[in-house]
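Q: Sequence:
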Amino acid sequence: MTPDFLKSNPSLVLDTSYLPNELMYRVVSSLADQGALDEQTDAVLVHGENFQSLRLLEPRFKEQIRCIAIDPPYNRLGDGFPYKNNSRHSSWLTMMRDRIGIAINYLRSDGALFSNIDENERDSLQAVLDMTFGKDNRVEELIWAQNTTHNQSPLYSTNHEYVEVYARNRSEAERDPHMFREPKPGYVEVMELLKQLEPEYPSAQEVEEAVNKLFKSHIEEYKAELHALGLAYDEETKKQDPWRGIYAYSFAEYRSDDGRVVTDLEARSTLAKAVLYRPDNASAPAQKQADSTKNPNDSNFRYYNPKDPATGKPRPCPKTGWRWPYDWPDQTRGKFCLIG
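Throughout the sequence shown, residue numbering follows our numbering, covering 35 to 374 in sequence.
Any given hint could turn out to be false.
Stated by the list, open to error - Derived lysine to aspartate or glutamate pairs resembling EDC-like cross-links, with alpha carbons at most 20 Å apart: (1) Lys247 - Asp210; (2) Lys257 - Asp275; (3) Lys347 - Asp325; (4) Lys229 - Asp292; (5) Lys328 - Asp210; (6) Lys322 - Glu208; (7) Lys328 - Asp170; (8) Lys273 - Glu240; (9) Lys96 - Asp144; (10) Lys341 - Asp325; (11) Lys229 - Asp170; (12) Lys322 - Asp210; (13) Lys307 - Glu223; (14) Lys169 - Asp132; (15) Lys307 - Glu234; (16) Lys273 - Glu300; (17) Lys247 - Glu270; (18) Lys257 - Asp268; (19) Lys96 - Asp132; (20) Lys322 - Glu174; (21) Lys257 - Glu269; (22) Lys272 - Glu287; (23) Lys247 - Asp275; (24) Lys353 - Asp298; (25) Lys272 - Asp298; (26) Lys229 - Glu242; (27) Lys169 - Asp314; (28) Lys229 - Glu287; (29) Lys169 - Glu223; (30) Lys307 - Glu287; (31) Lys169 - Glu206; (32) Lys328 - Asp275.
What the hints assert, rightly or not - The calculated label-pair distances, taken between Cβ atoms and stated as ranges, are: (33) Ala258 - Arg60: 54 to 60 Å; (34) Arg156 - Pro37: 51 to 57 Å; (35) Pro37 - Arg312: 56 to 62 Å; (36) Leu231 - Asp164: 44 to 50 Å.
It is worth saying that the hints were derived from the structure and are not from the lab.
Remember, it's a predicted structure, so these values are computed and weren't measured experimentally.
Even for Gly, the Cβ is constructed at its ideal location relative to N, Cα and C.
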């Protein structure tokens with residue numbers, strides 16, 4: 035390895051464990067002299083016993099982490115974890131309690147923890163998480179379905195595991211509509227297109243035309259993929275189109291930073307951003323809602339009575355409440371918006 039090679043590859047990873055201590059300290063010091071070392075580090079990889087590592091890093095990362103994902107030992111034979119997996123439940127509970135008790139201190143007030151587990155210790159893990167986070171901060175239990183094609187069990191086969199989800203403060207975490215949602219396929223491509231159009235401030239109609247052109251381009255690519263597989267583009271394969279859930283977002287408008295709709299002519303002077311939306315029912319789904327939706331002092335309040343813009347009279351609230359929180363701009367109500 036030559037100096038020229040190093041200069042042409044400035045992003046190579048340097049494993050300081052292979053350096054003499056004196057040289058390692060010199061390298062770290064030289065980085066620190068150029069600015070905060072943390073600002074130049076994309077991630078931290080720790081190889082060590084997790085309890086000691088958590089305690090060591092706690093002062094540095096206390097209340098700064100948005101998401102923690104853990105995959106603890108399932109406490110059964112043959113799962114490949116470097117722990118005494120067949121330990122008694124009490125020992126396993128103690129191990130998990132100690133580590134989760136430290137991990138929660140890493141989370142921001144709107145952060146969340148995700149933990150894999152199977153049926154063997156599911157109840158035990160939930161007990162630890164309830165005790166540490168509080169039952170009110172339990173977000174959900176996700177079912178992780180697995181392939182059991184090769185299962186030879188003569189009885190019913192277990193084909194799923196669990197992911198337990200707990201928030202540091204559920205009421206704060208749920209205020210972010212993107213916290214527990216995965217972007218729809220095609221979302222990234224649409225957002226990139228809007229970003230490309232943004233400097234020119236085209237009219238809303240021109241934005242809609244560009245987006246529809248992108249949709250048509252994807253459909254042609256999808257048809258080509260189907261053709262290569264010997265399949266036809268028909269009603270059945272249309273249902274399998276990964277972008278199917280995003281095609282309805284074909285209407286465009288400009289919004290200011292505070293969410294106010296502005297005209298095409300005002301867009302440039304107000305530095306507004308183009309957003310896409312589709313019309314939708316403004317009432318909330320008929321399902322269990324968070325307690326905060328009925329609290330008029332909470333920003334997630336959904337049972338308000340907005341005034342009709344034409345008559346000035348309060349509109350009746352749907353039986354299930356509004357789909358959107360009270361403090362969202364009026365212009366967003368009655369629409370589903372696709373916003374970056």
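Q: None of the hints should be skipped; say for each whether it holds.
A: Going down the list of hints, with the structure as the test:
Annotation: proposed proximity of Lys247 to Asp210 is violated, straight-line Cα distance about 31 Å (limit 20 Å). Our distance criterion of 20 Å between C-alpha atoms is met by Lys257 and Asp275, whose separation comes to about 9 Å. Proximity of Lys347 to Asp325 is assessed by CA-CA distance (about 27 Å); at most 20 Å being required, the pair is judged violated. Among the hinted pairs, Lys229 with Asp292 is consistent with the structure: their alpha-carbon atoms are about 19 Å apart, no more than 20 Å.
Simply put, Lys328 and Asp210 have alpha-carbon atoms about 18 Å apart, close enough for the 20 Å limit, and the pair holds. Our distance criterion of 20 Å between C-alpha atoms is met by Lys322 and Glu208, whose separation comes to about 14 Å. A threshold of 20 Å between alpha carbons decides the hint, and for Lys328 with Asp170 the separation of about 16 Å falls inside it, so the pair holds. The straight-line distance between the Cα atoms of Lys273 and Glu240 is roughly 28 Å, outside the 20 Å bound, and the hint therefore fails.
Using a Cα cut-off of 20 Å, the hinted pair Lys96 and Asp144 holds, with the two alpha carbons roughly 13 Å apart. This hinted pair does not check out: Lys341 and Asp325 have alpha carbons roughly 24 Å apart, beyond 20 Å. Restraint check for Lys229 and Asp170: not satisfied, since their Cα atoms lie roughly 39 Å apart, outside the 20 Å limit. Straight-line distance between C-alpha atoms of Lys322 and Asp210 comes to about 18 Å, which keeps the hinted pair within the 20 Å bound.
Pair hint Lys307 plus Glu223 holds up; C-alpha atoms about 16 Å apart against a cutoff of 20 Å. Restraint check for Lys169 and Asp132: satisfied, since their Cα atoms lie roughly 18 Å apart, inside the 20 Å limit. Proposed proximity of Lys307 and Glu234 is supported: the alpha carbons are some 11 Å apart, at most 20 Å. For the proposed pair Lys273 and Glu300, the alpha carbon gap of about 39 Å is over 20 Å, so the pair is violated.
For the hint linking Lys247 to Glu270, the alpha-carbon distance of about 23 Å lies beyond 20 Å, and the restraint is violated. Between Lys257 and Asp268 the CA atoms are separated by roughly 10 Å; this keeps the pair inside 20 Å, and the hint holds. Proposed proximity of Lys96 and Asp132 is supported: the alpha carbons are some 16 Å apart, at most 20 Å. With a C-alpha separation of about 12 Å, the suggested pair Lys322 and Glu174 falls inside the 20 Å cut-off, and the hint holds.
Among the hinted pairs, Lys257 with Glu269 is consistent with the structure: their alpha-carbon atoms are about 12 Å apart, no more than 20 Å. For the proposed pair Lys272 and Glu287, the alpha carbon gap of about 28 Å is over 20 Å, so the pair is violated. With a CA separation close to 17 Å, the supplied pair Lys247 and Asp275 stays within the 20 Å bound. For the suggested pair Lys353 and Asp298, the alpha carbons sit about 36 Å apart, so the restraint of at most 20 Å is broken.
Among the hinted pairs, Lys272 with Asp298 is inconsistent with the structure: their alpha-carbon atoms are about 34 Å apart, more than 20 Å. A distance of roughly 14 Å separates the Cα atoms of Lys229 and Glu242; the hinted pair therefore holds under the 20 Å criterion. Simply put, Lys169 and Asp314 have alpha-carbon atoms about 34 Å apart, too far for the 20 Å limit, and the pair is violated. In summary, the hint linking Lys229 to Glu287 is supported, as the alpha carbons are separated by about 14 Å, within the 20 Å threshold.
Distance restraint check for Lys169 and Glu223: the Cα-Cα separation of roughly 39 Å exceeds the 20 Å cut-off, and the hinted pair is therefore not satisfied. Using a Cα cut-off of 20 Å, the hinted pair Lys307 and Glu287 holds, with the two alpha carbons roughly 8 Å apart. Only pairs whose Cα atoms come within 20 Å are accepted, and Lys169 paired with Glu206 is accepted, the gap being roughly 15 Å. About 38 Å separates the Cα atoms of Lys328 and Asp275, which puts this hinted pair outside 20 Å; it is violated.
Under the hint 54 to 60 Å, the C-beta atoms of Ala258 and Arg60, about 56 Å apart, fit the expected range. A hinted range of 51 to 57 Å holds for the C-beta pair Arg156 and Pro37, which are about 56 Å apart. With their beta carbons about 57 Å apart, Pro37 and Arg312 fall inside the hinted range of 56 to 62 Å. A hinted range of 44 to 50 Å for the beta carbons of Leu231 and Asp164 is consistent with their spacing of about 48 Å.
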